[in-house]
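A.B. asks: Here is what each chain is made of, one letter per residue.
Protein chains: 4
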Amino acid sequence: MRTLKELKERVRRFIDDVAIPLESLDIERDVDALDDIARTLRRQAREAGIYGPQLPREYGGLALPWLACAELFEESARSLLGPIALNCAPPDQPNALLLDLLASPAQRAQFLEPIARSEKRACFAMTEPAPGAGSDPSMLQTTARRKHGKWVLNGHKKFISGGIKADIAIVPARTEEGVTLFVFETATPGYRVVRDIPMVTGYQIGGHAEILLEDCELADDAVLGVVGKGLAHIQLRLEPARLSHCMRFIGRARRAMDIAQGYVNERVSFGARLAEQQQVQAMVADSHIDLHASRLLTLHCAALMDEGKSVKHHSSMAKVFVSEAVGRVADRAMQMCGALGISEDAAISAIWREMRPFRIYDGANEVHRSALARRILDRNISP
Amino acid sequence: MRTLKELKERVRRFIDDVAIPLESLDIERDVDALDDIARTLRRQAREAGIYGPQLPREYGGLALPWLACAELFEESARSLLGPIALNCAPPDQPNALLLDLLASPAQRAQFLEPIARSEKRACFAMTEPAPGAGSDPSMLQTTARRKHGKWVLNGHKKFISGGIKADIAIVPARTEEGVTLFVFETATPGYRVVRDIPMVTGYQIGGHAEILLEDCELADDAVLGVVGKGLAHIQLRLEPARLSHCMRFIGRARRAMDIAQGYVNERVSFGARLAEQQQVQAMVADSHIDLHASRLLTLHCAALMDEGKSVKHHSSMAKVFVSEAVGRVADRAMQMCGALGISEDAAISAIWREMRPFRIYDGANEVHRSALARRILDRNISP
Amino acid sequence: MRTLKELKERVRRFIDDVAIPLESLDIERDVDALDDIARTLRRQAREAGIYGPQLPREYGGLALPWLACAELFEESARSLLGPIALNCAPPDQPNALLLDLLASPAQRAQFLEPIARSEKRACFAMTEPAPGAGSDPSMLQTTARRKHGKWVLNGHKKFISGGIKADIAIVPARTEEGVTLFVFETATPGYRVVRDIPMVTGYQIGGHAEILLEDCELADDAVLGVVGKGLAHIQLRLEPARLSHCMRFIGRARRAMDIAQGYVNERVSFGARLAEQQQVQAMVADSHIDLHASRLLTLHCAALMDEGKSVKHHSSMAKVFVSEAVGRVADRAMQMCGALGISEDAAISAIWREMRPFRIYDGANEVHRSALARRILDRNISP
Amino acid sequence: MRTLKELKERVRRFIDDVAIPLESLDIERDVDALDDIARTLRRQAREAGIYGPQLPREYGGLALPWLACAELFEESARSLLGPIALNCAPPDQPNALLLDLLASPAQRAQFLEPIARSEKRACFAMTEPAPGAGSDPSMLQTTARRKHGKWVLNGHKKFISGGIKADIAIVPARTEEGVTLFVFETATPGYRVVRDIPMVTGYQIGGHAEILLEDCELADDAVLGVVGKGLAHIQLRLEPARLSHCMRFIGRARRAMDIAQGYVNERVSFGARLAEQQQVQAMVADSHIDLHASRLLTLHCAALMDEGKSVKHHSSMAKVFVSEAVGRVADRAMQMCGALGISEDAAISAIWREMRPFRIYDGANEVHRSALARRILDRNISP
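Protein chains in written order, with my numbering: chain S, 270 to 652; chain B, 270 to 652; chain W, 270 to 652; chain F, 270 to 652.
For the record, the hints were derived by calculation from the structure and aren't laboratory data.
A quick note: this is a predicted structure, and the numbers were derived from the prediction, not measured.
Any given hint might turn out to be false.
Note that the list lumps identical chains together, so a pair holds whenever it fits in one copy or between two copies.
Claimed, not checked - When the alpha-carbon atoms are kept at most 30 Å apart in a straight line, the in silico DSSO-like pairs for lysine-lysine are as follows:
| id | residue 1 | residue 2 |
| --- | --- | --- |
| 1 | Lys-274 | Lys-578 |
| 2 | Lys-498 | Lys-578 |
| 3 | Lys-277 | Lys-578 |
| 4 | Lys-581 | Lys-277 |
| 5 | Lys-416 | Lys-498 |
| 6 | Lys-389 | Lys-434 |
| 7 | Lys-389 | Lys-498 |
| 8 | Lys-419 | Lys-434 |
| 9 | Lys-434 | Lys-416 |
Just chain S, same shape as in the assembly (with noise of 0.2 Å):
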């Protein structure tokens, strides 16, 4: 087997030589564009052997633990394109993850096991335009009736990721016994995309959509997990799929400064280079130190992780900080590129966009914050 040192470096080459050169302000909200260009890349991932850091080997994947991915999930991520290709990108990246943790075999050869080798793709269609759920997931309003040995689920969904055109959806609905995951095919009538939803990001395999379930009839078979335990079990998901943001996002600021370093280093103003500009060492050195910090926070997390441990308390603390640190990151790369910045011509507009919803995405800040907040006054937590 291939030591990390050496897999990171094929990542690393693989988004230098293959990923970045087709990035391309034409296909970044472009779903169809996104998934061929999916196919081939991962076609070329599996051949230089980086496919998959997070999937089980069964499945073709590297079933690397968390630490591993970590590195490989920020390599890859430096292009727009890269966790697309190594099939690490969300949804899912985390999909998988919680069918790998909740599918019984049947779900696991009808559903894990196409995603994982990226035959299918899924969505997890869990937010709901108001009043349904959103930060809180409590909120939810879709249902799911017994009717005649069935699951009728009726409901309404927005902002889905990899919505479009996917194959499989896993939908949280209100059921007697509390909320309940299903999981089943998207052609099942009575499940309709409305639309793809224009996000101020693009880059997302499957868009964003916006999704109806009218009387969609379910067998007992799509039921994930155990009914009534919904809750729990999204927690399960949402987790890690918040420490997988933040190793993606770090390596995705990391590639907006090595260009702006790249650019400071070069361009002259007021009879001096960028570069030798306190006001610009000013920005370079702080974004190294957020995204050093960023990386700390994160490794501290998939370490616990891979020792089985709770990350609850310390994947809030990571989300809320890394959300922030990769923002200012892409913020400062902006500034110090000037007008290019703000033109699609670099890549940094694109990942200034890119990193905004994270500190929305899993849980917005204020929600972490409090809830991180209310555990440390309740438990009386030292710092």
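Dock chains B, W and F against chain S, hints included.
C.D. replies: Then chains B, W and F, alone, in the frame of chain S:
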């Protein structure tokens, strides 16, 4: 004559009823569509008696003082199409101003009048690719050489707002006597638009052009102002341009907050309306404070300009503060709206992208900070 | 009568020549020494014609409007002893204001006149130890009960600025009719000063007292204003007090910057004067912007007050902004001066300590932010 | 040998039971009182088996690796007297380290042993008044000239921590061969302490001295390390000193938060405990995140030091981040406690004052930012 209050109310209604409904992601980077809409909107603005607050009365404008313009520019800019509608958007708002100050009678007739009447569009082609002029105008590389009684211009311009399909160009070029401004029809041989550079922002009449000047021959009557006085002439445009940006950006950020306030007044999360949650309240209060201070700094400069005083120092302070404040406000509005905020379903995303470049436009904030401090420390100005 | 410009120049000279030379670490927490110095300085200020800018003319003051006071308060506060010298320091500046608005003729003679003439000092005893009144005045625990035709006060007060050796106390207490204000001589039996609480700040005339009220009997003529209207009366004091703090703190922060600017103009490090180093320049520029914006926010409220308009909303905004801005300015001045800045050899350290409590005084900034936002969101005020 | 966990628990108890109760505003700037208390506390620390975590075992220390020291330094520093008690406070903690690395056997016996055994105190006299050495050691003005086989030192030192009543001085001076370190008894003729400079902080063993060297004659055996290698030798002290500061400051900031958390868990305002108010919760969460990240950055360097690796780059990053983070934490703790926080009744005020200089000590953060960025940009280090 109408009172300012009446005018402002007219603008307010026009923006809400006419301009905002025409905003759309589809047109934000479509130069032709924006030109079409501009024609329609300007006709309607003229009918509403609100066209050209800053433009000379002889060409159909209102010729208002800066303090009044500040209020109308702000009000109009609540729509991404508002300043276009009133023909008080850049680059033609400061272009007209510059021509009004420097143009010969013939140049007034040929260039200022059609711009002010919305019959033609101009661009101000200053910025150059590295190693040319960016925040530092003294790095200008474009040359104008005397040959057979003509001026022959050669150079490369980039990020020229409004440059796509502009009828008129104002071009600073290096001559033996120093920097000189030229104004001429873009149909002049040797003037070539290479492409429209995609930017993180939209809603720019005439996009952002890359332009080549290849042995572009001009007669002496193309000189705008005095040969060799170009750098001083540019300042005449820059300071009011900067302030006008402040006025408009305040209005635009206000729009984002108006949307966000409506949202948090409705949306419930974790058992309470967002409006009742202190972290949201803090964002609301800080945004009001930011915009209140921004407005005072801007009006302070507007009053100085109306008195004919220099705003070199204070407009730099206003520019730095306002550009950062409106960015914070848009960022908070986005956070307040969660997933809706980062979608293009609400105007917040477009506004958030619009705010960012202001920290780079009109001299990067780092340049202003250094220039301010050097002036302060050299003259030992007490704060 | 002297012009404002002349008055300001007189104050400037007085501060530089008379007040600043008397500053010293030795006296900063010495109530007796401060009282001695106050006597001397006030006599000199009277001779200089600058005593009591805000005080009634009948008692020797200048009775200037708020806009003029703003300039003189700022100018005087450059010295830690300046507002004491002009008798425009808290708590007597707002105490006199409150008495001027509410006192009966007898109370004017007994309390307002000697305060305004600097013959006596008063304190305003509002804050209580937990669970009493802090930022939330409605939590007032001190009671005034009717007994044998007298009011009997019982309560515990803390952090009462000016309370040590004060001659007069103004005390809000809970009565059956609601909160009521009382004004009386501190020699009244049952009124007892426990101690002077050491604070992070100094230069407070009368220190910060802890006070006990134990069966303190008062006659009806001790009621200030209307029985039961105390909370509304307090607001009359709070809003101008808050604004006056802004005026003074701006002047004090300015002093810190003046010192720091002098320092960086001289001090060389790593081969260049600090003044030439961009990180220092950024601190200078940001501090000037902060104080310029602070001044505009404050003057805007002063103008409203002079017009007799409510500043409830805008003084909250000013207080939040100014309190944080002056803190940033003092912090930057300290950083600019390095080891000298953190020593007590320069006044920067004392000023830096002085600035901090303003984010807590007059309602913690968190309270203002919530109150502002609730008002904004309830009435849907556009920013 | 005791486990680290046991040691940490012993330190925790010692700090809570012995050190914290001795803190008092009266002694914070009283060098004699601090020396007295140090004697008592160190005896008790020795009895508790926690004395000298970093000191050589031969002189009674525990000789722990850096990772263990990090935990004990943090734990001890919760009290303003804790590091004094364990003799792991500056300047003697890094002084002993430097002597351990550079001292000749005779110097070890004469200087290191009594310092380690707490029989004597030393100071490291580096900083000079302008235009001498501050953040830039190359500006050193103090000279050591050869004369009659002796070294004759002349110079002026300022802000020398621990310099009052120090028995031993370590002094860098400029010689023909370059900067050279000297170590000698302060009783040497020509060495004169001018005064104790009052600082914004307290609890400094030996205060902050201003020192004159006037024809101070030293023999060759006073040279510490190699003649002319002083600047390199100073680095040996600086990097661990910087890290040790991080360790201690984290513990001190933690103490402030512990107090503040207790306060907000009790205090009610506007109808709810402060702990339930989101603006307070945000302060709590941010402080925990700040200290968690600070600790990870510090431990990362400690591990590198234990592996014998250079921490030049990473200790700069840690210093910048930690110094600003602990400042924010102390500031928030103060805000959370309101009037109590700005009084000296709680330790928060003293801690808040203590945190501030760390952004200046050990190289101002601006210097670190520039140095970091130049290294990054020269070598094109990816973040």
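A.B. asks: None of the hints should be skipped; say for each whether it holds.
C.D. replies: Going down the list of hints, with the structure as the test:
no., hint, in the structure
1, Lys-274 with Lys-578, "both (26 Å within a copy, 20 Å between copies)"
2, Lys-498 with Lys-578, "within (21 Å within a copy, 49 Å between copies)"
3, Lys-277 with Lys-578, "both (26 Å within a copy, 23 Å between copies)"
4, Lys-581 with Lys-277, "both (28 Å within a copy, 26 Å between copies)"
5, Lys-416 with Lys-498, "within (20 Å within a copy, 65 Å between copies)"
6, Lys-389 with Lys-434, "within (10 Å within a copy, 46 Å between copies)"
7, Lys-389 with Lys-498, "within (26 Å within a copy, 66 Å between copies)"
8, Lys-419 with Lys-434, "within (25 Å within a copy, 62 Å between copies)"
9, Lys-434 with Lys-416, "within (28 Å within a copy, 63 Å between copies)"
Checked against the numbered hints above, the structure breaks none of them.
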